[in-house]
Amino acid sequence: MLKGKVSLDVSNLDNFEYDMSKCIKCKGCYWVDHIYMSGVDFSTRCPSATRYMFDSYGAYGKMRIGLAMLEGRMEYSDELLKTLYACTLCGACDVGCKRNLDLEIELSLEALRIKAVQDGKGPMPAHKKVAKKITEKHNRFGSPHQNRNKWLTKDIKVAAKADVLYFVGCSAAYVNPEISRATAKILNAAGTPFMLMPDEWCCGNVLYSVGMIDEARELAKRNVEAMRKTGAKTLLVSCAEGYRTWKVDYPKMLNISTDELGFKVVHLTELVDELIKKEALKLTKPVDIRLTYHDSCSLSRLSEPWTPWKGERGKWGMISPGLERRRGTNGVYQQPRDILKAIPGVELVEMVRMKENAFCCGAGRGTQEAFPDFAAWAAGQRLFEAKTVGAEALVATCPWCKDNFTRVAKQNGDDLKIYDISELILAAIEG
Amino acid sequence: MAISKGAYRVLETIVGEEYISSDPVVCEGYRSGPGGYEAGLGYERVMTKIPGCVILPLTTEEVQKIVRACNRYKIPYVPYSTGWYGPRSHCHVEDELLIDLKRMVDFEIDEKHLYAVVGSGVIYSQLQEEAMKRGCYIIVGGGGSQCSAIANMIGDGWSPLSYRIGLPHRRILGTELILPDGELVEMGSLAVQDDPFWGEGFGPDLRGLLRGFTGLRGCMGIVTKMAIKLLPFQPERLKPTGISPHTALELPTNRVKWINFTMPSKEAMKDAMFEMARAEIGAGVTKVPIFWRAIAKASCKEEYWDIWSKESEETISGFHLLRVLLVGFGSEEQLEYEERVLNDIITELGGEARRTRPTDESWFKNADSAGMWLMCGGYVSVDYVIETLEHALPHGENYAELKKKFTPPLMPDYGDPGWFQSFELGHQGYSEFLVYWDPDENTDGVDHFYLETSKENIRKRFYTSLLGPHQPLYLTGPAYGPNYHKWLLAVKDEFDPNFLSHPPVPLAHDEFVEKAEWMRPMKDWESPKLP
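Sequences listed follow chains A and B, in order. Offset between the first sequence (1-based) and the working numbering: plus 1108. Offset between the second sequence (1-based) and the working numbering: plus 103.
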């Protein structure tokens, strides 16, 4: 819709016709913010366009292709599906574009995938397999549902009722128990009682990311209702992807604001940072290591709260009522850094691309499932960047990032250590 | 004629199958519009096509082989580095080969002799940062930091910093050029040795082949490598700060300082520019178009219009903002001295310093041209002159008056005469006239204004820089020549006998006027039947 009624409803691609038609090919979505440009190396922030090179893989190409889809000028093909799905939806393009313009690039890309599913062409076969596992086993790995709480050890105290509910997520429940255990022990150490969901299901992050909005919305309704029933005031996550799903995607799918969820969504790093600053948690044990911090996309530039909007677009493309754009400015950037700086012995060195300019690890939003080579390539790029600043270890705030980095580091024979931040926090508490 | 399978196989052999595609999805990704510089206008709608095939060479040798194959198989082609220069840098004919040069990112820097050798895919902000790491700097042209340095050096390439550094073609040193028939020409000192340190070569200065005055938009071959002159800067680093969209370079104010002044009149601004030059102070200067301030203040499009709609002809005609850059290149004392001299000049002319942030949001590393689309969604600079300040001022004022007849569809700017400044320490004056429109309204009037500016230049004897492919050649050629168009076409024919390098440039605007029925009533000049 170029003029007239418009909304941010991603299930209707018409809503993003204006955004797609106003891309000016400045490629701010591709390059690192020029102010932070570090030279000829590490100069791009879009994994897809950096890997596949043709303009069709950058947001500037996808906006043109999307417009052709909307106008019925583009047939579905393997190349079209690859263009839509060999993309980490990491938000780098959105932040880059919105430095200067008011265009909704990330939402356009999400809407394109949703359209592909609506048209019966998407998602990719690998995504359908994951969706089946989620439907049947309530987790993305297809593991037995009854094993979801197997990560719990006897030394972890879980309350029957508490203000804080720890939503563990599929990764930390089944594949990365070191993260869930560390998170729980940190909460125990800080004297913050927490409960678990009586019957936790997958958050549906992959479903939404690949355009299966109907299935994702059903999970969102189920999970939000389950959370509300517990009476907890805060939903705590240790997974950046889960953080964005609960804080942004659920409200988006349910047409409510993040505030209207009825509970706060908090990442472990936000809570721990607050506890440290209130002196309720002390990190005293030294962890002697030179490390670098990787900004997980969904905790950083993609994490600003959601507010539904509908209105009209008129002359000059102005919209009414006004809309406060999500430009990635208020992502969780500083808290993890402050935590790491508070750990005795840690020497934090920054990579060239950091905060809103960070280069995605390549794992999320359905990429790893459908394009594992691309996901591995992206992680390899980032690991190389970490090594160029002399880091001995790389720290992330998301199990998706940790897993992808760990796998690729192992494949490459890298000696770089990969940690989730929860592990380092716990090490600084327990020694 | 579509690219034949045989030709495709030849091209694929040159670059490898990963770097060539004729898939419709890939080709659609290279569409010029509907957004971008000059996009959404008639020229883009009528004259541009999606490519028939896209190829990504890595080396000069590959480019040379591709161009030779194009000549062998009669495939029209266009070089493309970032695609930023709107429709004029995109395919114009069916089944054209788009040669995307983004993989060509070779980069070398010679700190001792102050030059960098760059490939076609290297952009300005990369080059500027590499230069600044070594205590040097370049101009990031007004086109923006996202421009290919080579493309901008052979097209536009100026900014407020041109006041001291000068025009880009003076900083083009050794150059590799693949001529339209595939022959490799080395220019400047590369013509005689391997060291690209100097711009002058044997015989006539072939840099004219590269750019004319404001660029030939790919119709005279492909530059694959260029040595660009670097200038010595001051020793302290400019520190990046903030999170998007509020990012800026923090300036070491003992060495680098922007100062904004309100001046009593345009004449006073012009006099200040002259006096600065006479005193040989300053590293940059510009008259600030008033709506740029509104863009800088606004957090979104709607806020821009809140701010801008409060302006009027009265407020704009009485507000004159001069922005001056001071750099203590040699010492802190130099900056102190220049600031004292500048303040004397401004005081004598009745100006007043305003509070100015100790940061740089644009011009050093981030010429923020993308922000030009915030207000309306459509933008092009319809003209620029590089002549004298005495010439530049009336040029802008005249255009502002002419523009009133075309507003709407153009954005109201209440008579603001655009951007003007001095170049090369006052020896040249610059005027650029920027226009904005809503691309989702009827834009015929914008097309008319664009062409009318060309006629106005002829009527009023303004020395435009937008000759060559930017306006109908048979309109401007006889007026500026009298046989300038014949020379240009003869040179084109000599170097590109098969007319394959970005056809129908340099006759594209002529063809546009013929093809677009809403333009035909404006055609009051003679031209032969176009090929």
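Since the hints were made in silico from the structure, they are not lab data. Do not take every clue at face value.
Claimed, not checked - Each computed SDA-like pair below joins lysine to any residue, with the alpha-carbon atoms no more than 25 angstroms apart:
(1) A/K1495 with B/K342
(2) B/K342 with A/N1438
(3) B/K507 with A/K1495
As the structure is a prediction and not an experimental result, all values here were calculated from the model.
Given pair status - A/N1438, B/K342, alpha carbons within 25 angstroms: Measuring from Cα to Cα gives roughly 21 angstroms; hence the hint holds.
Are A/K1495 and B/K342 close enough, with their CA atoms no more than 25 angstroms apart? With Cα atoms ~23 angstroms apart, A/K1495 and B/K342 stay inside 25 angstroms; holds.
Are B/K507 and A/K1495 close enough, with their CA atoms no more than 25 angstroms apart? Violated, because 59 angstroms separates the two Cα atoms, which is more than 25 angstroms.
Consistency note: the structure conflicts with earlier hint 3 alone.
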